[in-house]
Amino acid sequence: MSVTKTLKTVIDFRRDIAPIGSGLTGRSGAASAWANVSAIGGVVIKELCRRKDFYVLFVLTALITLAMASASFFNETKTVRAVKELCLLLVWVSSLVIAVTTAARQIPAERENRTLFPLLAKPVTRAEVILGKFWGCWLATGLTLLVFYLFFVVIGATRDGQWPIAASFQALTLHWFMLGIVIAMTALGSLVFAAPSSNNTITFVLVLGILLLGRHLNKVALRLDEPLQTIVYAVYYVIPHLELYDVRDLLVHNWGSIPWLIWFAAIGYATVYAGFFLFGACLIFKRKPVI
Amino acid sequence: MTLEPILKVDNLQVEYRTREMGQGIKQAVKGLNLSVLSGEVFGFLGPNGAGKTSTMNVLLGFVAPTSGNAFLFGVNVREPIARQRIGYLPELTYYYKFLTAEEILRFYAKIFGLSRNVAEQRIDAILKLVELEQARKRPIRTYSKGMQQRVGLAQALINNPDLLILDEPTSGLDPIGRMKVREIIQRLKNEGKTVFFSSHELGEVETVCDRVGILVDGQLKAEGPVAELVRTHQCSTLEQVFLKIIDYADKSAAA
Numbered sequence: 001m002s003v004t005k006t007l008k009t010v011i012d013f014r015r016d017i018a019p020i021g022s023g024l025t026g027r028s029g030a031a032s033a034w035a036n037v038s039a040i041g042g043v044v045i046k047e048l049c050r051r052k053d054f055y056v057l058f059v060l061t062a063l064i065t066l067a068m069a070s071a072s073f074f075n076e077t078k079t080v081r082a083v084k085e086l087c088l089l090l091v092w093v094s095s096l097v098i099a100v101t102t103a104a105r106q107i108p109a110e111r112e113n114r115t116l117f118p119l120l121a122k123p124v125t126r127a128e129v130i131l132g133k134f135w136g137c138w139l140a141t142g143l144t145l146l147v148f149y150l151f152f153v154v155i156g157a158t159r160d161g162q163w164p165i166a167a168s169f170q171a172l173t174l175h176w177f178m179l180g181i182v183i184a185m186t187a188l189g190s191l192v193f194a195a196p197s198s199n200n201t202i203t204f205v206l207v208l209g210i211l212l213l214g215r216h217l218n219k220v221a222l223r224l225d226e227p228l229q230t231i232v233y234a235v236y237y238v239i240p241h242l243e244l245y246d247v248r249d250l251l252v253h254n255w256g257s258i259p260w261l262i263w264f265a266a267i268g269y270a271t272v273y274a275g276f277f278l279f280g281a282c283l284i285f286k287r288k289p290v291i
Numbered sequence: 001m002t003l004e005p006i007l008k009v010d011n012l013q014v015e016y017r018t019r020e021m022g023q024g025i026k027q028a029v030k031g032l033n034l035s036v037l038s039g040e041v042f043g044f045l046g047p048n049g050a051g052k053t054s055t056m057n058v059l060l061g062f063v064a065p066t067s068g069n070a071f072l073f074g075v076n077v078r079e080p081i082a083r084q085r086i087g088y089l090p091e092l093t094y095y096y097k098f099l100t101a102e103e104i105l106r107f108y109a110k111i112f113g114l115s116r117n118v119a120e121q122r123i124d125a126i127l128k129l130v131e132l133e134q135a136r137k138r139p140i141r142t143y144s145k146g147m148q149q150r151v152g153l154a155q156a157l158i159n160n161p162d163l164l165i166l167d168e169p170t171s172g173l174d175p176i177g178r179m180k181v182r183e184i185i186q187r188l189k190n191e192g193k194t195v196f197f198s199s200h201e202l203g204e205v206e207t208v209c210d211r212v213g214i215l216v217d218g219q220l221k222a223e224g225p226v227a228e229l230v231r232t233h234q235c236s237t238l239e240q241v242f243l244k245i246i247d248y249a250d251k252s253a254a255a
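These protein sequences, in sequence, are chains A and B.
Using my numbering, read the first sequence as starting at 1 and increasing by one per residue.
Using my numbering, read the second sequence as starting at 1 and increasing by one per residue.
Be careful, since some hints might not be right.
The calculated lysine-lysine pairs, modelled on DSS-like cross-linking and capped at a C-alpha distance of 25 Å, are [claimed, not checked]:
| # | chain 1 | residue 1 | chain 2 | residue 2 |
| --- | --- | --- | --- | --- |
| 1 | A | Lys-52 | B | Lys-97 |
| 2 | B | Lys-137 | A | Lys-286 |
| 3 | A | Lys-46 | B | Lys-97 |
| 4 | B | Lys-30 | B | Lys-97 |
| 5 | B | Lys-137 | A | Lys-52 |
No lab work stands behind these hints: they were computed from the structure.
Produce the entire structure from the sequences given, and follow the hints as far as they go.
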């Protein structure tokens with residue numbers, strides 16, 4: 001039986017399968033998959049909202065951002081820039097902590113608390129579970145970023161009288177998509193490494209390594225002999241270049257926005273990498289016994 | 001007219017790789033064949049380690065069979081859609097403890113594709129049925145064990161399933177809780193639902209089941225209506241039949 005025919009049979013079955021008066025809607029395959037992904041994502045967001053550690057980190061970052069941004073140092077421009085830079089660094093660090101720690105515990109917690117069993121006993125595929133977890137974590141970090149950047153823009157504007165809306169939007173979206181790659185990478189790690197703590201550590205080291213050293217790897221490779229040179233070059237081309245998404249200087253120095261085509265290409269690059277990691281996670285989870 | 005089985009297990013084999021050194025592979029289920037017809041209450045019995053949970057794990061898609069097949073409503077259990085019309089109650093309560101009862105039911109209703117209005121009506125009715133109306137807005141972590149088990153039953157009923165798979169539904173419940181679960185199973189039976197459940201409470205099984213299957217060491221040793229099994233084995237209760245089949249008397253004599 002061809003794949004199309006099999007798929008059609010499954011979808012038709014789904015429509016026919018609803019017992020009369022059951023209230024089950026005859027959703028198509030894609031609509032049903034999206035409903036499952038968004039429902040699972042919703043639970044992730046609810047859990048985050050009810051966790052005290054998340055609140056503490058969120059409120060602490062917001063307070064420090066507010067306090068630092070509202071501090072006045074004799075209207076010295078350079079000081080204002082330094083304060084802005086520190087605020088953004090803080091936002092970057094806390095958003096990274098929220099993204100990695102949240103994504104790392106999703107699947108291990110489902111397995112440990114055995115909440116995966118009633119979930120997988122429903123018409124849900126394992127890929128939908130992974131995508132739902134990713135969606136929930138990504139959306140939650142997106143909402144957190146939105147609040148942080150709103151604070152930052154409003155307070156920055158009251159300090160230097162400029163409203164860099166386009167640059168802020170680009171910085172926010174690029175930051176969000178960068179976190180998308182990190183969350184997908186962490187989700188994959190949570191299926192490979194046994195303990196969430198080891199996954200947290202490895203992901204943090206990898207992400208910080210890429211952010212700090214990623215752009216220099218090609219220069220390092222030039223100074224090396226073969227076969228090391230090829231290996232380092234290969235690593236340079238394979239790793240997701242997260243540093244590309246660090247456009248904090250646009251906001252700190254009020255340089256204006258980057259060309260939209262480049263912004264769009266960066267979003268596409270992040271989508272491809274996140275997709276690649278999620279695909280890997282789905283493949284591993286499909287084969288992994290849950291018992 | 002011949003009735004199509006709602007649940008069908010065809011020459012099922014399940015093997016696990018054991019972690020103990022030198023143990024190799026453990027055969028949990030050995031060529032199991034089983035059919036459950038529409039409207040039946042089927043008791044799936046067996047001593048611990050007989051392969052009941054492994055069979056249920058295959059039916060629910062948690063484990064892929066080593067060989068053989070299992071079907072729900074004629075659809076291979078490897079397809080998630082096969083679980084659209086089933087309700088599953090695990091032995092222990094495995095639910096998101098930070099959600100309230102109505103939130104968890106809303107979540108599962110969404111997974112089943114229930115429209116919002118129908119979902120709300122169903123949630124009200126089910127919470128009333130399992131007597132959790134008063135506690136519906138409290139997080140599940142504040143519930144007693146019996147209440148958590150009732151949340152489990154509620155989530156298993158949210159999609160108005162045609163087949164219920166219950167894994168020791170009365171395990172750990174007090175006598176009143178057990179009676180209520182029994183009443184609910186009876187009520188579902190009267191509504192024409194099919195119930196497939198495992199239990200160690202043989203008196204309970206005798207009361208509610210139309211047919212039972214006794215699994216020993218991964219193989220189905222006996223299957224049929226309770227009265228017929230009791231008569232065939234020249235016993236007076238299902239418990240005696242069960243003990244006879246698992247060869248309890250011989251083993252205890254040998255010990």
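Here is how each hint holds up against the structure:
This hinted pair checks out: A:Lys-52 and B:Lys-97 have alpha carbons roughly 15 Å apart, not beyond 25 Å. A hinted pair counts as satisfied when its Cα atoms are at most 25 Å apart, and B:Lys-137 with A:Lys-286 does not qualify at roughly 35 Å. Between A:Lys-46 and B:Lys-97, the direct Cα distance comes to roughly 11 Å. Compliance with the 25 Å bound is thereby established for this hinted pair. Of the pairs offered as hints, the one joining B:Lys-30 and B:Lys-97 is violated, with about 37 Å between alpha carbons and a cut-off of 25 Å exceeded.
At roughly 20 Å between alpha-carbon atoms, B:Lys-137 and A:Lys-52 fall within 25 Å of each other, so this suggested pair holds.
When each numbered hint is compared with the structure, violations occur for hints 2 and 4.
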